[in-house]
Amino acid sequence: MEGLKRDFNTVTLVMIPVAIAINIAVGQLALAVKIPLYLDSIGTVLVGVLAGPWAGALTGFLSSLIWTLTGLYTPAIAFAGVAAIIGALAGVFGRAGWAGVWWKAILAGLLTGLVAAILSAPVATYVFGGVMGSGTDAIVALARSVGLDALGANIAQGSFSDPIDKTVTYLVIFLVLRALPQRFLARFSNLPGRST
Amino acid sequence: MPPGVPSSGGAPGPACHAPSRVASTAVRSDAPSRPSGLHRLHPLTKLALFFVAVVAGATLPTTPLVLGVFVLLLLPLAIWGGCTGPFLRTCAKITTPFLLSLVLIQGFFTRGPTVLFSLGPFHYTLEGLQVALLFTARLLTGLGGATLLMMVTRPDALMRSLSERGLPNQIAYIVVTALQILPTFQARAQAILDAQRSRGLETEGSLPTRLRSLAPLVAPLIMSSLMEIEERAIALEARAFSRPGTRTSLVRLSDTRLQSVVRGLLLAVAAALIVVRLLSLLRP
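One line per chain: the protein sequences are A and B, in this order.
To convert, note that position 189 of the first sequence is 189 in our numbering; the numbers rise steadily by one, no gaps.
To convert, note that position 68 of the second sequence is 68 in our numbering; the numbers rise steadily by one, no gaps.
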């Protein structure tokens, strides 16, 4: 409970809706320039890294809720649990100082991507019948045609797409952390050397 | 949906709004137009209706039963709410990509005795087609329920009703604020895209070109929005944002005894559906 309270000061509470809007706006920019990445968790990872696992998890969860509420992407709510874990992991990696070193940021992105792939596969398989109605379904079909079952094919698809996506996300966070003024960073206690 | 299309028409109370327009509704209790009886229901009653639709869609075992929930529960509700057209169009838009992928992938890769046709080494089975249709019906009912709920419920009223039942005010603040600032953000993203393109940024062409174009687009959006946070936090603190204790709300909700009974019944139905489903899974 102490960790919960420390995570949620006013600056964090104000940042979470902004982070959710960043998730959605950047996700739509990626669509606009037709890049085969989702880039829909930059805000979630940022809150996790700066404000800790609880705040990151809440951002991920509510972000999925907002995707559904706005009707921009109704199925998102089914992946709210995965998004929450992505945010919580960001809090852990942030506290360990991984987001501020480029090669550790890449490692954090790859690990997050693998966890996300393994956790989203059962949702995609048992809730959505193994498809997402998008281009990634081609990878699922390919994996099934070489003999994988439904769950295996979805894990394979996720393991291909998610680590790349999350690595790019963490590299963006690495650059953002370098560009943010110290005065702003000092508001948060999750980064190493800042625990109060 | 193209990014950055600002929600048009701020006029309050269109009979049925597309869900993405909800964001701009102002927090007012005396909204002039309350179009239908469905709109006027307590948000928790609508939430319970939606919950039953999702549970029924997920637990009923056959395609006709699941489609029955859509036709006999969701469709009459949409007609009552006066938004049949937009509701059906949105459902079709959401479900069609799933239908196409499911019919292809499940049809070819579900094993079964009844082969409809073969394509090289792959056999298309009737059983696969049936699985695909069942999943599509479940998605239609579940996602359709969510779509309808958002078409006839204002998010601020929904969050208020949940706050009254013990949801922390901070969560309600986050959800309502996110919905309110989203149109601004989408407009800002579009403005950045236009500005960088007019400076000669290549956003079309090969994949590396498009990847390179991402940095000058994403960086200004993130940095400019983060810089506003501090001011906003100070403004909220000056208004006793983190003060403990009860608050009064501008959103007033009306509830009736009947609705509270109906909510109880709906939750009982949902629980019964889940129990029946679990029992049938245990009994081989």
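In case anyone wonders, no lab produced these hints; they're calculated from the structure.
Owing to the predicted nature of the structure, the values given are computational and were not obtained by experimental measurement.
Be a bit skeptical, because a hint or two may be false.
Here's a subset of chain B near chain A, in silico, CB distances under 8 Å, partners left out [claimed, not checked]: (1) W80; (2) P97; (3) A178.
All C-beta atoms in this analysis are idealised placements derived from N, C-alpha and C, irrespective of residue type, glycine included.
Hint check:
no.	hint	in the structure
1	W80	violated, 20 Å
2	P97	holds, 3 Å
3	A178	holds, 4 Å
Comparing the model with each numbered hint stated earlier shows that hint 1 is the single one that does not hold.
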